Every structure is written in structure tokens, then in C-alpha cells.
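**Q** The lines below spell out each chain.
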Amino acid sequence: MDIKLQQVSYAYAQGTPFEKRALFDVDFEIPSHTYQAIIGHTGSGKSTILQHFNALLRPTSGEVHIGDRIVVAGKKAKDLKAVRQKVGIVFQFPEHQLFEETVLKDIMFGPMNFGVSEQEAEARAKELVDLVGLPENILEKSPFDLSGGQMRRVAIAGVLAMEPEVIVLDEPTAGLDPRGQKEIMDMFYNLYQERGLTTILVTHSMEDAARYADNIVIMHEGKNVLSGTPQEIFKDVETLKNFRLEPPRIVRFQQKIEQMMKKPLQKVCLTEEELASEVARMLREERAES
Amino acid sequence: MMEKMIFGRFLPGNSPVHRLDPRSKLLFVFAFIIIVFLANNTVTYAMLLAFTLLIVFVSRIRLYFLINGLKPVLFLMAFTFLLHIFMTREGALVLDWKYIKIYEEGIRQGIFISVRFLVLVFMTSILTLTTSPISITDGIEVLLNPLKALKVPVHELALMMSISLRFIPTLMDETDKIMKAQMARGSDLSSGPLTDRIKAVVPLLVPLFVSAFKRAEDLATAMEVRGYRGGEGRTRYRKLKWDMGDTFALVLLVAIAVLLFFYRT
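From first to last, the protein sequence lines are chains A and B. First residue of the first sequence? That's 11 in this note's numbering, and the numbers climb one at a time after it. First residue of the second sequence? That's 1153 in this note's numbering, and the numbers climb one at a time after it.
Hints are computed from structural coordinates only; laboratory data are not their basis. Bear in mind the structure is a predicted one, so any value in this text is a computation, not a measurement. Fair warning: there could be bad hints in the mix.
Claimed, not checked - To give an idea of the chain A side of the interface with chain B (calculated C-beta under 7 angstroms), a few residues:
id, residue
1, 66
2, 101
3, 106
4, 107
5, 109
6, 123
7, 124
8, 136
9, 145
10, 149
We treat Cβ as the ideally placed atom computed from N, Cα and C, and that holds for glycine.
Bound conformation, chain A alone:
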């Protein structure tokens, strides 16, 4: 399911003296079965944009196409439930949305709201606790007895249980320990690769964007200013700095190596492994030449 934003603007508290514009003519498209990262400095409009993906916010001007649904500014949109089932959002600190007596019931809340039968919802919950890396006996526990990291996983399972076609992740690993961060990011990446789940990652972690995304959109002061593959985006470090963004550590490391070797590498490397093999290849070539 494609998501397309056309000239989308949004203002908070429109029509009052406290009006604050957050988005200015944002224009981009997210094709199905891609992994898209949206990055930007704090206050760049990332969080506002993501609420348009399932019509929690409606644009004050412009259009949002969500699959074949079109949300147009100024028009009352009815029955947005279908859209919300298709686009799942994992908000920042999603553990704050847990409320049920047991983990099982909390995971079943989403699907049952969309008319899934109780048996089916329960089956999904059982499958999902395993997927997010929790033991099955956790299902009967109260979500409030769990650790922060476990609560986060339960909340993520609760969104995945809706079986959305698109999943939007807003800083899904904020506040987790490094191992938990990697586990969760890898889990989403597997879902994307195995099931073709369209994934939109909203983050300010350049590392995650570089490692996982097919395509990156950069937001700056409420506008989408740059878009491209990670290689294209991180090639031009100076432009990034204009948008108050630092390239990933690995790219900065590559620059240091290039300075030392007084010679640019052939491509921008996005992971440690890639950089290591690229440097090794270059050293081998040099040795062969001399």
C-alpha cells in the first residue's frame, strides 16, 4: 500500500492566536514494500508528519493518499478505521499505552477493535510474544509487573497484532539498552524482508537509518529537503550539517581513513563490515600495484 503526501501543510491550533505551523508543503511518496527512514533534527516536523500516515491528523492544506483512501484538507473524513487497521503506528515510548489486566488482553485489544474474532486474536497474540522475544508464560501476567524493555515489546506486539500493511515506527528503541535496541531493530528488519511489511522509521539516529533503510527523507523546519538512498544522502556531509544533522559514526570514520590514506574510497560504506572489506580491498590493490 503506497502512501503519498501532496503539498501537505499542517498548523496546530489553527484559527487561534496560538497557531503554530509545523509542516510546509511536504511532498513525498512511500512505495509499498520499502523501508523508508525519515530523519530530522528535533522540531523538524517528523512527529507531525507521522500522524498523517493514518489520518490521526488531517492536513490543513494538501492531500494524503493512503492506499486508495484520499484524505483531503478541509473535508470531513468518515470511517477512518479501515485506514488505521492498515497503517499501524508504534509511538515513542509505546509502553505508555498499555492498560489491560493481562499482556494477552492488551495484545488482543487492537485486533478485536477491528473486528477480529477472539480465537484469532488470541492465536495472533501467542505467535507475536514469541516474535518480539518474550516467553509465552508472560501472557497471563499484568503488563505493569514487567520491566520497561518487556513492556515496550508487549506494546509493539499489540500494534503488530493488527496485522497492518504498513508499520510506522517513531524512535522505537529510545531508552533501551544497546542489546535490546539491536534486537528490536533486527526484528522489524526481518519482518520487512520476510513478509514485505512496508516500514517507515522516524528517527534521529543516523546509524539506524543508514543500516536499515532503502531510502531516506530528511525533514528540516517543516519541509522535506532531501531524499535518496543512504549512500546518496551520506555522501554529502556538508549539506547534512546545514540541516543540523551529523552523518553516522561509520561515515565519519570512513572520512578519517580517507584523510589518512589520502585517497577516497570507491563508495560510502554504511556498516562496519562494509567499511572493513572496502579498506581491505583497497590495501590489496595498493599492494598489487607496488
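Given chain A's structure and the hints, the job is docking chain B onto it.
**A** Here is chain B on its own, set in the frame of chain A:
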């Protein structure tokens, strides 16, 4: 939705009214509320209205905010206005149509009561619009100080007040966030039968309470860590200062009271 709430909001500014000491403003508004009830004829109500508009002008607050503050009491205003119009049976008959009889005195009383509402809402709104919540609680604490002799925990009350004022916007943001998260999970607060809508409040309230308790605990810990031990021997960072302007405001109020007293019938 919540960002449209105007009532109880503070608008920073630098008008003479903004600069007044919170103590004088509190005393002023409190006394004014009592004085309003002195008015009982056209002249005195006109004086009240003129006085209020003068203060609106001096405070340089846009009428938009004051009219917005009026919205919550609009229904009450309209209701009492109609009640007076239909129930008062004095003076000349103005309108006689089937069962409806409207008398001159009824219209007059209806207008009076509406002006009274308007004046009261405007004055109290000006107080909250021109005084930061912190200054208001500071002012209240000082004004209530004499009650300490009666073992009233004045400092604690003021602290409670400032903490709750401080957390209103935070909890509002939190509500908004949780509501959106549950809406994204298909919960529907705005449509469907009433029983469903009441049920849909549970997923909103539980997380809200959990986070409010957590916040309260964190705040208590943070205060203790920084050595908070209650009001005993505590000095102030923001000193209240009584100026000529404050004295002038209160003198003005007394003058109005005297005028009202002379012209009332």
C-alpha cells in the same frame, strides 16, 4: 482540541496591569467581586461596565481572549437572562403574545444580570491572563499567612496549588498522546453507542493514572534529593514588591465602591 483552551491561560506582557503585585491584584479582584453586588440601577451598572472596560484597555489584552473566557458561562448567562425576562412582572407591558408576556422591568433585570456576569468573568480572566500561575500562588501564600496562627498548612496548600497548575499542560499533552495511541489501535472515542464510548475511556484513563502516579513519585523523589523539607525557614527567590501602582489600584477600587454606594438606589 485541547490547544484551543484559553481559560486559565497566562499571556506574558508588560502593561501596568501585568506589573502589579499579585497580592494587590488578588485583593483587588476579590474585593471587586463583592462590590459588583452594590450595583442595582442603570447608572451603577454603567459605571461598573465602564470601569471594567477601562481596565481591559489598560491591560492591553485583546478582546478575543476575554470573549473566549466567556464561552463556558454563556449558557448560564443566557439562561438567567431568559429567566428574568419571562418571570419578572413589573413595569410596563412590552410584549403580549399568546402566553408570553414581557415586561419592561424584566428586560432591565435581564440586562443587569448579564452585565454582572460579563464584568465578573472579564475581571477574573484579566487576573489569570496577566498574572503567571506562580505569582498567583505566591500571592495567595502571603495573603493567607495570617491563617498559620490557626495551624492551617498555608505553605503546603500553596505548593499543592502550584504543582497542580504546573502539571495541567503536561497531563493534557499526555492525554492527547495516549488518546492518539489508542485511536491508532482502533479504539473509537467519538462514535458508536454510548456504552461503547464509555468503555473506550478505560484504555485512556488507566495509562493516564499510571503515568500521573509515576510523575508524582518522581517529583517527590526529586524534591527530597534537593533537600526540600517544607516551608520552615524557607526564603524566596521571587520577592514580591508593593509599588505605588498597587496602592493606586486599591485606592481606585475604594473610589469606585464609594461612587457605587452613593448612586445605588
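**Q** Now tell me if each hint is right for this structure.
**A** Going down the list of hints, with the structure as the test:
Taking 7 angstroms as the C-beta cut-off, the interface hint given for residue 66 (chain A) holds, the closest approach to chain B being about 5 angstroms. Using the Cβ-Cβ criterion of 7 angstroms, the hint placing residue 101 (chain A) at the interface with chain B is satisfied: the shortest such distance is roughly 5 angstroms. With a cut of 7 angstroms, the hint placing residue 106 (chain A) at the interface with chain B holds, because the nearest CB-to-CB distance is about 6 angstroms. Given the 7 angstroms rule on beta carbons, the hint for residue 107 (chain A) holds: about 4 angstroms separates it from the nearest Cβ of chain B.
For residue 109 (chain A), the interface hint holds, since its Cβ comes within 7 angstroms of a Cβ in chain B; the closest pair sits about 4 angstroms apart. With a cut of 7 angstroms, the hint placing residue 123 (chain A) at the interface with chain B holds, because the nearest CB-to-CB distance is about 3 angstroms. The interface hint given for residue 124 (chain A) holds, since its Cβ lies 5 angstroms from the closest Cβ of chain B, which is under the 7 angstroms cut-off. Of the supplied interface hints, the one on residue 136 (chain A) is violated, with its beta-carbon coming no nearer than about 19 angstroms to a beta-carbon of chain B, more than 7 angstroms.
At about 23 angstroms, the closest approach between the beta carbon of residue 145 (chain A) and any beta carbon in chain B exceeds 7 angstroms, and the interface hint on this residue is violated. Hint status for residue 149 (chain A): violated, given a least beta-carbon distance of 18 angstroms to chain B, over 7 angstroms.
In this structure, the hints that do not hold are numbers 8, 9, 10, in rising order.
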